[in-house]
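Asks: Each chain is listed here by its residues.
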Amino acid sequence: MHQKCIFNRINNMKNYKELFSQLKQEQTDLALFTTIMSKIDKEKRRLVIIRIVLFSSGLLGSIVAFIHVFNVLYANLAQSGFMSFISLLFSDSKVVLSNFSSFVLVLFENLPVTWIILSLFAIWIFLDLLRHLLRNIAFIYKYNN
Amino acid sequence: MDKILDQDLVGEYLKGDEESLEILIKRYLTRVYNFILSIVCDKEIANDITQDVFVKAWKNIKRFKKNKNFKTWLYTIARNTSIDYMRKKKYLNFSELENDDNENILETIKSEELLPDEIFEIKNLSEILQNVVNDLPEKYKTVLLLYYKNDLTLEEISKILKKPLNTVKSQHRRALILLKNSLNNKKQ
Chain P
1 MHQKCIFNRI NNMKNYKELF SQLKQEQTDL ALFTTIMSKI DKEKRRLVII
51 RIVLFSSGLL GSIVAFIHVF NVLYANLAQS GFMSFISLLF SDSKVVLSNF
101 SSFVLVLFEN LPVTWIILSL FAIWIFLDLL RHLLRNIAFI YKYNN
Chain A
1001 MDKILDQDLV GEYLKGDEES LEILIKRYLT RVYNFILSIV CDKEIANDIT
1051 QDVFVKAWKN IKRFKKNKNF KTWLYTIARN TSIDYMRKKK YLNFSELEND
1101 DNENILETIK SEELLPDEIF EIKNLSEILQ NVVNDLPEKY KTVLLLYYKN
1151 DLTLEEISKI LKKPLNTVKS QHRRALILLK NSLNNKKQ
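Protein sequences appear in the order of chains P and A. First residue of the first sequence: 1, per our numbering; consecutive thereafter. First residue of the second sequence: 1001, per our numbering; consecutive thereafter.
Any given hint could be a false lead.
[What the hints assert, rightly or not] Quick list of in silico lysine-lysine cross-link-like pairs, DSBU-like style, CA-CA up to 35 Å:
no.	chain 1	residue 1	chain 2	residue 2
1	A	Lys1088	P	Lys142
2	A	Lys1089	P	Lys142
3	A	Lys1089	A	Lys1003
4	A	Lys1149	A	Lys1026
5	P	Lys94	A	Lys1068
6	A	Lys1015	A	Lys1026
7	P	Lys17	A	Lys1066
8	P	Lys142	A	Lys1068
9	P	Lys24	A	Lys1169
10	A	Lys1163	A	Lys1056
11	P	Lys42	A	Lys1169
12	A	Lys1043	A	Lys1163
13	P	Lys44	A	Lys1169
14	A	Lys1159	P	Lys94
15	A	Lys1169	A	Lys1066
16	A	Lys1015	A	Lys1059
17	A	Lys1088	P	Lys39
18	A	Lys1056	P	Lys42
19	P	Lys94	A	Lys1088
20	A	Lys1003	A	Lys1088
21	A	Lys1149	P	Lys142
22	A	Lys1169	P	Lys17
23	A	Lys1149	A	Lys1163
24	A	Lys1162	A	Lys1056
25	A	Lys1180	P	Lys44
26	P	Lys94	A	Lys1149
27	A	Lys1026	A	Lys1062
28	P	Lys142	A	Lys1180
29	A	Lys1015	A	Lys1163
30	A	Lys1003	P	Lys94
31	A	Lys1088	A	Lys1162
32	A	Lys1068	P	Lys39
[Unchecked claim] Estimated spans, in silico, between C-beta atoms of each pair:
no.	chain 1	residue 1	chain 2	residue 2	range
33	A	Glu1019	P	Asp128	40 to 50 Å
34	P	Ile49	A	Gly1016	49 to 59 Å
35	A	Glu1019	P	Arg131	40 to 50 Å
36	P	Ile49	A	Asn1080	27 to 37 Å
37	P	Leu30	A	Ile1061	53 to 63 Å
Keep in mind that the hints were calculated from the coordinates and are not lab data. Think of the CB as a built atom: it goes at the ideal place given N, C-alpha and C, for glycine as much as any other residue.
Only chain P is shown next, with the shape it has when bound in the complex (with noise of 0.2 Å):
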């Protein structure tokens, strides 16, 4: 009687849903649903794996550069004097302290400004990657626990 009902009513538009709802609606498993998250899982690890490849590899660069560029800001500022001027303020205090504002100008002068901001960017990108590497390191743990 409910299907005679619902065909009854077929050419009415808003019986439709109705119709429709009398097609088999296949029920999934757990099976499928717990495929679906040790999948996700598996791709997870997988690209956590990639980043830890990644970031270890920018890791090591960034010492690389950092050390190049430690060693030309190093040379540089011993160069420019800027060194000499330093061991001025041990050596003649005195001098230094009653022309302070002068010495303070000359420093800043003989600052290898570029090497520095240079130097200070590459310990910014060793930081950030290590916090990175450190973070993906971390989740491969939890999940290996």
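For chain P, the structure is supplied; the task is to place chain A on it using the hints.
Replies: Frame of chain P; chain A shown alone:
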């Protein structure tokens, strides 16, 4: 659990709540599976495609915009994945996917024809309906199933199918005509 909006669940997942993803998957698993099954007509294949769909959805979840409809977004992935699979396996008649109104065939259909009472006596209604729906051209079947079985609006369907709303409306109307016609033929 059902009261939480899909968009909010996506937001929660992106903030680190893993359980939100599980709720979302459980919410749509059966519906998406059945939708895919209606396209591929094979349980094993539907199983595989459903897995791919949810993995794809997870991979792209960061790109999902909160102001969009999650259901529409997910069904779009499901449809595209199913069609890609069918294309690869060459199961699908490509002309069915084209934006073709197929006027000549439809002109022959008597849209005003009413279904006679005799058809109501058919006991295996579900089975017959399933066969009739499966025999419909892909584009019509998809519109009908999305609209009547998956509770999507015609506007949402137009987004999923990437077709203008008027085309979807016309396809919906023609799909109903074809359905009535097929049911009439079954009776005869």
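Asks: Next, verify each hint and record whether it holds.
Replies: Status of the hints after comparison with the structure:
Our distance criterion of 35 Å between C-alpha atoms is broken by lysine 1088/A and lysine 142/P, whose separation comes to about 39 Å. Among the hinted pairs, lysine 1089/A with lysine 142/P is inconsistent with the structure: their alpha-carbon atoms are about 40 Å apart, more than 35 Å. Of the pairs offered as hints, the one joining lysine 1089/A and lysine 1003/A is violated, with about 40 Å between alpha carbons and a cut-off of 35 Å exceeded. With a C-alpha separation of about 18 Å, the suggested pairing of lysine 1149/A with lysine 1026/A holds against the 35 Å cut-off.
For a cut-off of 35 Å, the pair hint linking lysine 94/P to lysine 1068/A is broken: about 71 Å separates their Cα positions. A threshold of 35 Å between alpha carbons decides the hint, and for lysine 1015/A with lysine 1026/A the separation of about 19 Å falls inside it, so the pair holds. Using a Cα cut-off of 35 Å, the hinted pair lysine 17/P and lysine 1066/A holds, with the two alpha carbons roughly 29 Å apart. Distance check on the hinted pair: lysine 142/P and lysine 1068/A sit about 33 Å apart at the alpha-carbon level, within 35 Å; holds.
A C-alpha spacing of about 25 Å is found between lysine 24/P and lysine 1169/A, which places the hinted pair at or below 35 Å, so the restraint holds. Between lysine 1163/A and lysine 1056/A the alpha-carbon distance is near 22 Å, which keeps this suggested pair within the 35 Å criterion. Restraint check: the Cα-Cα separation between lysine 42/P and lysine 1169/A comes to about 42 Å, which exceeds 35 Å; the hinted pair is violated. A C-alpha spacing of about 28 Å is found between lysine 1043/A and lysine 1163/A, which places the hinted pair at or below 35 Å, so the restraint holds.
Only pairs whose Cα atoms come within 35 Å are accepted, and lysine 44/P paired with lysine 1169/A is rejected, the gap being roughly 41 Å. Restraint check for lysine 1159/A and lysine 94/P: the C-alpha separation of about 80 Å exceeds 35 Å, so the hint is violated. Restraint check: the Cα-Cα separation between lysine 1169/A and lysine 1066/A comes to about 27 Å, which is no more than 35 Å; the hinted pair holds. For the hint pairing lysine 1015/A with lysine 1059/A, the CA-to-CA distance comes to about 15 Å; that is within 35 Å, so the pair holds.
For the proposed pair lysine 1088/A and lysine 39/P, the alpha carbon gap of about 22 Å is at most 35 Å, so the pair holds. Using a Cα cut-off of 35 Å, the hinted pair lysine 1056/A and lysine 42/P holds, with the two alpha carbons roughly 13 Å apart. Note on lysine 94/P and lysine 1088/A: the hinted pairing is violated, with a Cα-Cα distance of about 85 Å set against a maximum of 35 Å. Only pairs whose Cα atoms come within 35 Å are accepted, and lysine 1003/A paired with lysine 1088/A is rejected, the gap being roughly 39 Å.
Of the supplied pair hints, the one linking lysine 1149/A and lysine 142/P is violated, its CA atoms being roughly 41 Å apart against a limit of 35 Å. With a CA separation close to 16 Å, the supplied pair lysine 1169/A and lysine 17/P stays within the 35 Å bound. At most 35 Å may separate the alpha-carbon atoms for a hinted pair to count; lysine 1149/A and lysine 1163/A meet this at roughly 20 Å. Of the pairs offered as hints, the one joining lysine 1162/A and lysine 1056/A holds, with about 19 Å between alpha carbons and a cut-off of 35 Å not exceeded.
With a C-alpha separation of about 48 Å, the suggested pair lysine 1180/A and lysine 44/P falls outside the 35 Å cut-off, and the hint is violated. As the CA atoms of lysine 94/P and lysine 1149/A are separated by approximately 90 Å, the hinted pair breaks the 35 Å bound. In summary, the hint linking lysine 1026/A to lysine 1062/A is supported, as the alpha carbons are separated by about 19 Å, within the 35 Å threshold. Restraint check: the Cα-Cα separation between lysine 142/P and lysine 1180/A comes to about 57 Å, which exceeds 35 Å; the hinted pair is violated.
Taken as a hint, the lysine 1015/A and lysine 1163/A pair is honoured in the structure, with Cα atoms around 34 Å apart against an allowance of 35 Å. Under the criterion of a C-alpha separation no larger than 35 Å, the hint pairing lysine 1003/A with lysine 94/P is inconsistent with the structure, at around 77 Å. For a cut-off of 35 Å, the pair hint linking lysine 1088/A to lysine 1162/A stands: about 21 Å separates their Cα positions. Restraint check for lysine 1068/A and lysine 39/P: the C-alpha separation of about 26 Å stays at or below 35 Å, so the hint holds.
Roughly 30 Å separates the CB atoms of glutamate 1019/A and aspartate 128/P, a value that falls outside the hinted 40 to 50 Å. The beta-carbon spacing between isoleucine 49/P and glycine 1016/A, approximately 20 Å, falls outside the hinted interval of 49 to 59 Å. Between glutamate 1019/A and arginine 131/P the Cβ separation comes to about 26 Å, which falls outside the hinted range of 40 to 50 Å. For the hinted restraint 27 to 37 Å between isoleucine 49/P and asparagine 1080/A, the CB-CB distance of approximately 28 Å keeps it satisfied.
Under the hint 53 to 63 Å, the C-beta atoms of leucine 30/P and isoleucine 1061/A, about 22 Å apart, miss the expected range.
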